[in-house]
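Undergrad: Now for the letters of each chain:
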Amino acid sequence: MCLSIPSKVVEIDLERNVATVDTMGVKREAGLELMQDGDVQIGDYVLLHIGFIMNKIDESDALESLKVYSEILEKLDEEERRHLVEEDDNCPNRDA
Amino acid sequence: MGELQLKDLYEGFRNPQVIEGFAKLIHEEAKKLPHPINIMEVCGGHTHSIMKFGLPQLLPENINFIHGPGCPVCIMPKERIDHAYILAEQEDVILVTLGDMIKVPGSKGSLQDARAKGADVRFIYSPLDALKIAAENPDKKIIFFAIGFETTTPMTTALIETVLKRNITNIYFHINHVTVPEVMVELIDSRDEHVDSYNNRIDAFLGPSHVSVITGSKIYEKFPRDYGRPVVVAGFEPVDIMEAILMIVRQFNENRCELEIEYKRLVSFDGNLKAQALIEKYFEKASLFKWRGLGNVPESGYKLKEEFSHIDAEKIYADILPRQEIEDHKLCICGDILRGMAKPNECTIFGTACKPQTPLGSCMVSSEGACAAYYKYGNLLK
Ligand code: SF4
Ligand code: SF4
Chain A
1 MCLSIPSKVV EIDLERNVAT VDTMGVKREA GLELMQDGDV QIGDYVLLHI GFIMNKIDES
61 DALESLKVYS EILEKLDEEE RRHLVEEDDN CPNRDA
Chain B
1 MGELQLKDLY EGFRNPQVIE GFAKLIHEEA KKLPHPINIM EVCGGHTHSI MKFGLPQLLP
61 ENINFIHGPG CPVCIMPKER IDHAYILAEQ EDVILVTLGD MIKVPGSKGS LQDARAKGAD
121 VRFIYSPLDA LKIAAENPDK KIIFFAIGFE TTTPMTTALI ETVLKRNITN IYFHINHVTV
181 PEVMVELIDS RDEHVDSYNN RIDAFLGPSH VSVITGSKIY EKFPRDYGRP VVVAGFEPVD
241 IMEAILMIVR QFNENRCELE IEYKRLVSFD GNLKAQALIE KYFEKASLFK WRGLGNVPES
301 GYKLKEEFSH IDAEKIYADI LPRQEIEDHK LCICGDILRG MAKPNECTIF GTACKPQTPL
361 GSCMVSSEGA CAAYYKYGNL LK
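In order, the protein sequence lines correspond to chains A and B. Take 1 as the starting number for the first sequence in our numbering and just add one per residue. Take 1 as the starting number for the second sequence in our numbering and just add one per residue.
Pulled out of the complex, with its shape left as it was, chain B reads as follows (with noise of 0.2 angstroms):
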């Protein structure tokens, strides 16, 4: 093979012949599987590609997927939205986001609502562009409503160094970053009062790619060593799940439980040493977050350090954005979907209340949600 062009890379990962070639050998390979498994994909780019390409049905009935917290736009609880809202509608304040915030309702309505009655929100597409802004409006406060999971964490943590080191004095921060192992665990060790098997409901994970381009495979160490469950990390391609799921049936056949990487070609196990260093040198764990449809989970979130607090909107703020928690809409059975338990169709408000154009849960906030995804592609569905 001569030199890699940008087309192999692009289109190689998603020949329908070989999805096909890889169905075949999963339908073989599952033939022989102990019992019937649940793969859960963390991260809402899997759901989003296993649904656009209609992977459910290339597979046996003995592999099932369960679909997982999805994105750190959708697992925004109203409470930071409203914190967000809030800060823009401070005279003097220049709100800027990345762009999928943009539409995710908060209790007083999204930052685009907020948008539309005057408050200045601006939505970025990388956190260098609050550089920018900044310098055009010396005399206005630009707050950065950092999001994400490990794969922006350092991009914001890039932007305070830059930050500091430049002495840009009206630029602050308020930090929502989230950590995936830490809600994994919190779906294994979920049980529901009426399934008592329930924590047996995720047999195996696929591990977001891009979280471990920064952080590694190593996160996921403490899996398959102190949980039973293999976690191989995959790539967003069709081609690159369906090796990944050929992988974990493999490794229940040939009973092994073990920590494999799909995704060589920018996964490694100790990951962006630099960028764990920035977050290590900014950040450290928040005791609690609160996941849009989980609830509260122990240790996943990051916050500011104390020394840096003369940046953090959240505490410069404080008096002015309110600590009670908002309940999730009644109806929406988002919890039970993330933890594995039902589907999206199961939802009675589903396509109904509930769209993307008004969104009532997490799982249809945004366009790499499950019921998003259910939604756009559902006649795929099996």
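This is chain A alone, in the form it adopts within the complex (with noise of 0.2 angstroms):
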């Protein structure tokens, strides 16, 4: 029921409290209608559920843990590239 795919803001009909967002491509409206006035804004990241927008994604936040992971990542080939290394290190092949 719940889907978590984020969508961006193009356009907000203050008359009908409604924005338009885009999801991937595709767009639809959704009520704004849970958001204090004027929080949301034209190429704001959101979260949608049925019909409704819930809420803004932090962006600084989604960068940050976006950051973390690739540290991850750069880590784990790190890792790899030591785990590598040591193990030619001991290679029993070697004193042969």
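Don't read these hints as lab results, they were simulated from the structure. Ideal placement from N, C-alpha and C gives every residue a C-beta, glycine not left out. A portion of the hints provided could be inaccurate.
[Unchecked claim] Chain B stretches covered by chain A per the calculated footprint, using a threshold of three residues with CB under 8 angstroms from any CB of chain A:
#1 17-29
#2 124-134
#3 148-157
#4 210-216
#5 262-268
Join the two chains, each given in its own frame, into one complex according to the hints.
TA: Pasting the structure below:
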């Protein structure tokens, strides 16, 4: 029931209290009833649920976690590199 | 990093190498664990991700998932579905509800069956769709069969507010909104006669992220404080879940017992205050709500406040809506599964008499239920 694909706000109709959002290229409307007036702006990333905007996605937090994840990636490579080197160092065949 | 792209948000949290990276870290930390831990994912959205991405195989032996109550659709008891069925049968009624309710069987059949027999049942994507149906059918009574955890509750109240503000006189409500913390207490508290240490089955919780987008993480404060169970509010992406598990393991290793948020990009401690205010305005707690598979749970549901009785279909149609309780299927062990005592494949009718097409218990009903997830992704089981 709950999808979690983020959407981008592309239009706001204040009269109807409705925003047009773009979700992976699909445009649709979502109610603004659950958001404080003026809180949602064009360009914001939001989470939708059954036709309503539930909340804004905190861009800096999202970027922050993505950064942490890419650090893990780098670290993984490094670890793997070290692992390879160590394995190589301890190679039982070397003395042979 | 430049401007945030949708693609990053979506794919970044599913990166297989990141997932593996977390798996490594978890394996390392888990070596220090003082005892094996059982983590309950309360929400079916998590169960689904866990099974889909094969996360159990990535975890060390001493970390185990317990599948929680799942989804508001699957926990709907037959009694309530019968209410919807009976309301739909009324001549002048159009019953509207959210899509997933379609195949959930009550004692008279599912809403799909009701529709096949001529009842006007419509499945909508958003409560707001009810407005259009009401405008197009002025001589009919539109009854919104409202379902959902805290996540969907404010959307129902937004519809109520619109109906009252615009003086729309042909939309009514049958409220079935349930709340997560109360059922978590129930799951901790419940004991089994056969297993003494049973109430220790759940060591920590993954908190459902979307519930907390609305409520904030604050609803879980009492679990670390009063029950000694850490809670980490986690997103639904596999990376989110792995990160949350690492956070839980570290808590145990560092002898901490805390409430933490993994899903900071959407969840705050306080949550969406406007949505909470809307709920306060229209709803109050019902003394009991029966959860399919789990039985009656005190204070775990909402009902409309007295002053809104004129739009409360449960009150208006009280005469024709049955009150007696209906038992679950004898062989179904959903209750045990939800309490962390059994896994779906331990059920004797799993995959035979009970399948997604012919579900007999709550865990098979929605695609997010534990049995349905095992059925679909069962080959990934460890
Ligand atoms: S409907 Fe929402 S809250 Fe329920 S299981 Fe699915 S994702 Fe979780
Ligand atoms: S397989 Fe079906 S009957 Fe068995 S526990 Fe799961 S839902 Fe219940």
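Undergrad: Hint by hint, note whether the structure agrees.
TA: Comparing the hints with the structure gives:
1. Taking a C-beta to C-beta cut-off of 8 angstroms, the region 17-29 of chain B contributes 7 residues in contact with chain A, enough for the three needed, and the coverage statement holds.
2. Remark: the region 124-134 of chain B is confirmed as covered by chain A, as 5 of its residues place a Cβ nearer than 8 angstroms to a Cβ of that chain, reaching the required three.
3. Remark: the region 148-157 of chain B is confirmed as covered by chain A, as 5 of its residues place a Cβ nearer than 8 angstroms to a Cβ of that chain, reaching the required three.
4. Only residues whose beta carbon comes within less than 8 angstroms of a beta carbon in chain A count, and the region 210-216 of chain B has 3; three or more means the coverage holds.
5. Restraint check on the region 262-268 of chain B versus chain A: 3 residues with Cβ-Cβ distances below 8 angstroms, three needed, restraint holds.
Against the hints set out earlier in the document, no violation occurs for any number.
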